[in-house]
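Engineer: According to this note's numbering, the stretch in the sequence shown is residues 27 to 279, in order.
Treat the hints as calculated values from the structure; they're not laboratory data. Be aware that a few hints might be false.
Stated by the list, open to error - In silico DSS-like links for lysine-lysine, alpha-carbon gap of 25 Å or less:
| id | residue 1 | residue 2 |
| --- | --- | --- |
| 1 | K167 | K154 |
| 2 | K47 | K121 |
| 3 | K154 | K239 |
| 4 | K227 | K217 |
| 5 | K75 | K28 |
| 6 | K154 | K178 |
| 7 | K154 | K75 |
| 8 | K167 | K214 |
| 9 | K217 | K234 |
| 10 | K214 | K265 |
| 11 | K28 | K154 |
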Amino acid sequence: MKISATIITLNEEKFIGDCLKSLDFADEIVVVDSGSTDRTEAICRENPKVRFEYRAWPGFGRQKNAAAELAQNDWIFNIDADERVSPRLKESILKVSEGGAPCYRVARENYFGDRWIRRCGWYPDFNKRLYDRRECTFSEKEVHEALECRGKVGELDGNLVHKTYSGLSDYVTRMERYSTLAARELVKKGKRPGLLHLLFKPLFTFFKMYVLKLGFLEGGMGFVLSTIYAHYTFYKYGKAIELNRAERELRRG
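Could you put the whole structure together from the sequences, leaning on the hints where they help?
Structural biologist: In structure tokens:
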């Protein structure tokens, strides 16, 4: 079974080289870039399997679907630039054959800095990544897109190694962007959050990660992660409230 690996990129020179090396099992690698200004393109073009294309940014789901459409093969393995295929996962992928499930999920081994976080809901963190594009497609959300498939979902052995955040500064920088995108999605869905959401949603996020998901067993790191994710939740709902207010004022003229 021939497999095309797909990656969407923007200034990923720090990660893309190792990601490409872990995809040596793929028959081709399609990279769709939204305007990198670093060495991402140069690194990609050094790999003879890579097809590098530029496409203006339409949102995460649409960009991933565009990459799949460019592929030569129907079976797609989608991966982010800051992820790596482990040897065990590679063996599992190569065992997949036509006639099985149209989609397979994989556990992600998420890191904060150099530490693999096994709790807080960070592991196994299953994601659907290997799929038949004739049966599956990504939802066209701006953020938190998901692969939507018809039929059963299989499971692959081995982990997808994910260098999630290099540290707190990296998280805070990305939180600003992702909370804005998530707020837009809430508004698109017609959600009208208020003060109660700002009060209780962040508290529940902390409780879920630190207590229900056993974050306290991660020691101080579990407390830190639960706290910053609670902040993310606060910003997401706060920005949604601002967007709704601006929308109402615009309608009033």
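Engineer: Confirm or reject each hint.
Structural biologist: Cross-check of the supplied hints:
Distance hint between K167 and K154 is fulfilled; the C-alpha atoms sit about 16 Å from each other, no more than 25 Å. In summary, the hint linking K47 to K121 is supported, as the alpha carbons are separated by about 20 Å, within the 25 Å threshold. The suggested pairing of K154 with K239 holds, with an alpha-carbon distance near 21 Å, which does not exceed 25 Å. The straight-line distance between the Cα atoms of K227 and K217 is roughly 14 Å, inside the 25 Å bound, and the hint therefore holds.
Using a Cα cut-off of 25 Å, the hinted pair K75 and K28 holds, with the two alpha carbons roughly 13 Å apart. Taken as a hint, the K154 and K178 pair is honoured in the structure, with Cα atoms around 11 Å apart against an allowance of 25 Å. Note on K154 and K75: the hinted pairing holds, with a Cα-Cα distance of about 23 Å set against a maximum of 25 Å. Between the alpha carbons of K167 and K214 the distance comes to roughly 10 Å, so the proposed pair stays at or under 25 Å and holds.
Using a Cα cut-off of 25 Å, the hinted pair K217 and K234 holds, with the two alpha carbons roughly 22 Å apart. The hinted pair formed by K214 and K265 meets the criterion: a straight-line CA distance of about 13 Å does not exceed 25 Å. Among the hinted pairs, K28 with K154 is consistent with the structure: their alpha-carbon atoms are about 18 Å apart, no more than 25 Å.
In this structure, every one of the numbered hints holds.
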